[in-house]
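Colleague: Position chains B, C, D and E with the ligands against the provided structure of chain A, taking the given hints into account.
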Amino acid sequence: MAIPDTPSTTSRQPVLSLRGISKNFGAVSALTDVDLDINAGEIVALVGDNGAGKSTLVKILAGAHMPSSGSITFDGQPVTLANPAAALKLGIATVFQDLALCENLDVVANIFLGRELHPLRLDEVSMEVRAWTLLKELSARIPSVREPVASLSGGQRQTVAIARSLLMEPRVILLDEPTAALGVAQTAEVLNLIERVRDRGLGVVMISHNMEDVRAVADRIVVLRLGRNNGIFLPGASNQELVTAITGADDNAVSRRGRRTAEKVQGEQP
Amino acid sequence: MAIPDTPSTTSRQPVLSLRGISKNFGAVSALTDVDLDINAGEIVALVGDNGAGKSTLVKILAGAHMPSSGSITFDGQPVTLANPAAALKLGIATVFQDLALCENLDVVANIFLGRELHPLRLDEVSMEVRAWTLLKELSARIPSVREPVASLSGGQRQTVAIARSLLMEPRVILLDEPTAALGVAQTAEVLNLIERVRDRGLGVVMISHNMEDVRAVADRIVVLRLGRNNGIFLPGASNQELVTAITGADDNAVSRRGRRTAEKVQGEQP
Amino acid sequence: MTTASDRNPGALLDRGDERLKDRSGAKGAIRGFLDRVRSGDLGSLPVVVGLVLICAIFQTLNPVFLQPNNLVNLLFDCSTVGIISLGIVCVLMVGEIDLSVGSVSGLSSALLGVLWVQWGWPVALAIVAAMAVGFVTGCVYALLLNRLGMPSFVSTLSGLLAFLGLQLYILGPTGSINLPYDSPLVNFGQLLVMPHWVSYTLAVVPGVLALLLGYRKAQRRQAAGLSSRSFGGLLLQAVVITVALELVTYYLNQSRGVPWMFALFVGLVVAMNYALKRTQWGRSMTAVGGNREAARRAGINVRLIYASAFALCATLAATGGLLSAARLATASQQAGTGDVNLNAIAAAVIGGTSLFGGRGSAYSALLGIIVIQSIASGLTLLDLSSSLRYMITGCVLAIAVIVDSLARRSRVSHGRA
Amino acid sequence: MTTASDRNPGALLDRGDERLKDRSGAKGAIRGFLDRVRSGDLGSLPVVVGLVLICAIFQTLNPVFLQPNNLVNLLFDCSTVGIISLGIVCVLMVGEIDLSVGSVSGLSSALLGVLWVQWGWPVALAIVAAMAVGFVTGCVYALLLNRLGMPSFVSTLSGLLAFLGLQLYILGPTGSINLPYDSPLVNFGQLLVMPHWVSYTLAVVPGVLALLLGYRKAQRRQAAGLSSRSFGGLLLQAVVITVALELVTYYLNQSRGVPWMFALFVGLVVAMNYALKRTQWGRSMTAVGGNREAARRAGINVRLIYASAFALCATLAATGGLLSAARLATASQQAGTGDVNLNAIAAAVIGGTSLFGGRGSAYSALLGIIVIQSIASGLTLLDLSSSLRYMITGCVLAIAVIVDSLARRSRVSHGRA
Amino acid sequence: QDIAGSTVAFLMPDQGSTRYEEHDHPGFVAEMKKLCDSCKVLYLNADADVTKQQQQFNSVITQGAKVIVLDPVDSAAAASLVHNAQAQGVKVIAYDRPIPDTKADFYVSFDNKAIGKAIAASLVEHLKAKGVSSDGDVGVLQINGSPTDAAAGLIKDGIHEGLKTGSYKTLAEFDTPNWAPSNAQQWAAGQISRFGNKIVGVVAANDGTGGGAIAAFKAAGVDPVPTVTGNDATIAALQLIIAGDQYNTISKPSEIVAAAAANVAVQLLKGETPKAETTLYDTPSKLFVPAVVTQENLKAEIIDKKIQTAAQLCTDRYAEGCKKLGIE
Ligand SMILES: Nc1ncnc2c1ncn2[C@@H]1O[C@H](COP(=O)(O)OP(=O)(O)OP(=O)(O)O)[C@@H](O)[C@H]1O
Ligand SMILES: Nc1ncnc2c1ncn2[C@@H]1O[C@H](COP(=O)(O)OP(=O)(O)OP(=O)(O)O)[C@@H](O)[C@H]1O
Ligand SMILES: O[C@@H]1[C@@H](O)[C@H](O)OC[C@H]1O
Ligand SMILES: [Mg+2]
Ligand SMILES: [Mg+2]
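Residue numbers (my numbering), protein chains in the order written: chain A, 1 to 270; chain B, 1 to 270; chain C, 1 to 417; chain D, 1 to 417; chain E, 1 to 328.
If you're looking for bench data, these hints aren't it; they were derived computationally from the structure.
These numbers come from a predicted model, not from an experiment.
Glycine included, each C-beta is placed from N, C-alpha and C at the ideal position.
Hints may contain errors.
[Stated by the list, open to error] Result set (BS3-like, lysine-lysine): computed pairs, CA atoms no more than 25 Å apart in a straight line:
| hint | chain 1 | residue 1 | chain 2 | residue 2 |
| --- | --- | --- | --- | --- |
| 1 | E | Lys305 | E | Lys113 |
| 2 | D | Lys217 | A | Lys136 |
| 3 | C | Lys21 | B | Lys136 |
| 4 | E | Lys34 | E | Lys113 |
| 5 | D | Lys21 | A | Lys136 |
| 6 | E | Lys103 | E | Lys305 |
| 7 | E | Lys275 | E | Lys286 |
| 8 | E | Lys299 | E | Lys34 |
| 9 | C | Lys217 | B | Lys136 |
[Stated by the list, open to error] Partial chain C-side listing against chain B, Cβ under 8 Å, derived:
| hint | residue |
| --- | --- |
| 10 | Leu20 |
| 11 | Thr279 |
| 12 | Glu293 |
| 13 | Arg359 |
The shape of chain A in the complex, shown without the other chains (with noise of 0.2 Å):
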């Protein structure tokens, strides 16, 4: 449990920085005291089982919360995050977990919405051929650009809200869980691309439940714990430890599950 020294990180100072976050819905502390640090052309990945709080700091980040307490600081000036715009104008871009997109506008409008091009005559023709080139960068499979995004498949949404974060030119990219949906290749996809971002300089937040994937492409990977921070790790860490970590028990349903299947592949084959 080693606080890393990245290697790729270009500056010393953390682009973004949270300390003593907390924040409570009613009678509920989803975060207590949590810190976070976000460097330029990093990825961290922040993991935790499900309620632990990652989507909360993601949307305190984001400008869509604000914190009970605690205080961020961008490029070493404290801000208050008051709303998303507040956050973008910053340079914050985030693909949200519940996506949030409007799902009686068609994939162009919602990949463009809030940026788009020619405010008072709309370029339809650019955006929807800028929109068809991000989705084929993404291996993305929609049929048509100008269906509601409502009977888009679920996969198909993920990558539109993805899509969507590109469209700016940010200083950091908040992703939360933005490959849970997606397909193998799409996933493959999202990979390049967050390394892409990374190599350009920009800091990156990555939230995700396969640890295959945060191992694969993160710099540090960060646990929460029931909203608390539960330790700083480097992607070579064990499954195990991190696990451990999650759970917060060496004891829990993956080892067993895994001492199980093993078992009964021993079973099997005599």
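Modeller: Showing chains B, C, D and E with the ligands alone in chain A's frame:
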């Protein structure tokens, strides 16, 4: 690509069998001429690219959509699944990809929706106890079952949707990406659960983009591509084989990323 | 089953999560209340505060306002539109609307007049007939929605016009029809109050029931390993309820007493509340209003739910029409026109039922109509020109709701809209 | 970039998916149309069919209905409430409501009367003042929603009452005020029609524009590798539009001709349609109405959008009030009361704008008000008692919408509600 | 001039009172039939909506009406209608309610202001006769018609004048939205709480609002009900008078007025100038003074003049009262 002779199948007649199912949405053919058999005591994995039509197929089996053409037989009898109630009556339980929960109801109400205990004087205490038991079984981490589902995290919601499907005593259970949003421990529990359910003689259809999980539990893997059948595989099939069938090309994003990563590792350790 | 290290492993089934703040005991209850204040989760408390504000203002302007006699009038007046509003709660719950409640109530009062007074039917039969017309009306709306997908806004707008026409048509030859002043129905609408001992007895019931049922529930929960309310808390609540109700009853009994018509209204509210909160039907209503497709996929017969909502709404509207005819002792051509529609819908909304479905309560009709009628009653006691009367009604209505909005606002900023 | 085996790899950018049926060319267009019929995706065509049905019935019952003179009256009458309804479309788009448009329009006509006729202000100034009051009203509603979270149903209900009072108050001393008949404003509201050559010229514009813009767009799309409409199709469409409009114009010119007031209304509709469909503002309106939180997370200033919707609605309501004063040549005490509210909202809904936000079009106001006014006008041509007139209005309204509902019904069963 | 086949329109304002559909329209049609069998009569009711009335007015002109009998929803707004009609050579007869701002071709009516004055004066007289003193805090309530109805304004003015004939104070005054009886009832109930037995009478502008006031007194247990006025002589009100709950109403055998309007219409069609008895607002006019009906003259004014039949009024519960008044 061999149609397998599943050893664990208890009866030779499929519980549920689809022939020539097609489904059009306006100008888009989401499914074309799809065949599928589901046997009792067997786990069928349904895999395919985003937008391949997996969820559409499940929705047709669940009675949520009507097919444009094709026939469905249940226990050898031709049936029309005109609405979800009809499917539920036959004993087809479904976890939908979009979960289909009522955000304004609390966790207990969602789990028991349509199957409340004591219709004229709801037995809230028993329902709450049962809800907690089910959730514990799934390793869920939900602080309170009396909060509206709107306040749950993505994974918590998915757990609720799965718990719902465990309430009834179904003949067939359809799981559309049941573990997409789940944490590692919860995923392990759900995989255990799927195996237990199969061993009780139920027919299980599981959709997933995680090939590892698929190969771990499936007895048969059915591939859909662009709305058509694209082969049936045994769990022994290699990743490469499956991905090729899913994406329709040998040279795909996955294989390319695999090669690139391998090269990079080699490049770094010369 | 995982046994992840919980802070308090021996805890209650529903208190196992360490992120949950402890809210048991008196101190916990107070903290929980503060939590709720802060997060704007106060139910109907803010509207009640708004109501108290209004009453205080009117009372200063004219001390007749809170005189028991005036309050008894107020209760009579609340009942008719209140019952209509209760039906509106039903359709709003499933995310639909009925714009024709006014016309349906007017038609039903016209039917009562014609069938009973003119044609000489027994009054009970006339009442049943009028309610049956309401029921059928609701079923037709449901049919149009279920089979043709016709939005209820349009179908009930058509109904509004058509039934207004029908009301005028059947009253046509005579205009208004007097109902006999000495009939039990008119008596019920104008005079009938509970004997004092009955009212005092009934005022005890809610507290006792709250205590008994609450205690039984707490015991069952305890037995099942769930958190439960303490007996002390339950007792305190029961005592407060009982004392408050007895005081109000005593006050009203200084004048004529508690109108039976109001008792009927409250009875319907309580029954509706039970049906919405404690039965499968009510659960299904809430589910359909919240997410129609999810409800359908859960196997709920969505069409039947719509039908029940519309039928109930129109039947209650017809009932309200009968009572307002009784109250006026006339089947009038103007019955149901004017503000009836808007007041019935506004009462439900002011009381906290959402226009968009899935959120609401039977009590909102009670609370909302009391707010609206208090304003109306308060203004009748002031000598004002019509223009001022309208302006003040508008402003006071706004004030009553602003309190609620202010409380709820923090709800949004706390991420629980 | 993957190059997964596509059936037609060299195809257009947006036609690459093999699951898309080919819909190019005349045959494709027809098949596409049939597809849309089957899936109920016909836009406003069904309402138009309903309208044609209504017209045919009324024409058989009384041939005066389609006489040019009657149609010219119809167009005059459509314009005032139509403009109010256009504002309603705005607030419905963002999922809110304004119940006070009637009162605001009444207040604005009262202001016009008082300021212009009584106080002797220049008419232009009086108009601006009345519209400014509308604008401020809208801003206040937005403020109440944005800052206090007060539901617009309640705030605008309060407004309805308060402004009705204000209208009566400022007209109080005199009652209704007549506007000078010979003033340009009254002329505009009652008599002014286009010179024939102007109307014929204007009737060409839509077709030509459709052709030119359509062609330019097709070329740009082609250049960008996107599918595009054929020149033949565009030409055909342009010719059909032009011939139809010229015929209507010719017919109307047989009587007085096309009212300038109607031209103003249509102009506003076209402008609003452009604003809603082709500007960032309109996109944001649709987004906020569809999913407020998603719009907020996209960085849209949701509060500003609400403010613009309410301000626009109230300003248009004030404008409608001015025009109806001009049409009546009176600032009447009754202006804005009665059916104005319901008609304005119903027009938008009948035309296809959703009450739940995120779906609608400026044209729905035009179409809806024509349906409503046609029914009204058709019924005035039949010798009927009011009661029958109400009943028939209700039924005909239902019929007009049933066509639409029937068409849309299949939409749901095809999974695209 | 040959008037055969001409079209005449009869436009009424609202449904607030039943007289228009029950008496005025049939009366007008019957008289027209007598005078010009082949003439066509168009009848429309504006349901208290000014805009609707304008549409109806334009519509009947389109349908070729040469004379329009207009009972305006808004007297001021009617001015422009008259103006436009006259510009197209169409004659307008103001009916029931006057059109002060523009000279119509004729005005035929019951005098609304006179109605107001009559009911109030009759009430004052009755109170005086009963020996009710006007000293102290006692007084009367005044329930006017709709605040947006011009005719209601006229009646209100008349009531004010009528009350001046006595020295009874007006305790409170109310404009009833939409003339709705239930609004009148609620207001009256409030005043009963306020003033209790200081209320000696209620001047209500029509029978509906009067009925509302009576219901309020009954509901408050006030017995006997103070003196309440009305207007329109609806069956319901006449029955209340028979039962002794309401004091007076105004008999408007509207058929007479309607017939007079038909006569004027035919004369105008023929191009003749109808003879005027008086002028009001510069308009040649014929005004009928309606009769106040109380228990004393109910038989004479209503039954004997065949406005209603005894059978209609004397249903079971009112039979006894009828007998007392000598109505069989
Ligand atoms: N708006 C809200 N109101 C109340 N509670 C909330 C709200 N949002 C989140 N919570 C609670 O906060 C906790 C953390 O939720 P969060 O969505 O951050 O989890 P997560 O780590 O993203 O989980 P997952 O892996 O399932 O997505 C959960 O217990 C949830 O119930
Ligand atoms: N209601 C609908 N209206 C129109 N098109 C639809 C609708 N539902 C699905 N489709 C289309 O059908 C195709 C198949 O969708 P489906 O949801 O079945 O995909 P899927 O295989 O489940 O994909 P994923 O892995 O992303 O969940 C998609 O192209 C989608 O756009
Ligand atoms: O008779 C009354 C009439 O004169 C007035 O105009 O409207 C109301 C009626 O009651
Ligand atoms: Mg999450
Ligand atoms: Mg899917």
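Colleague: Determine which of the earlier numbered hints do not hold for this structure and return their numbers in increasing order.
Modeller: 4, 6 and 8
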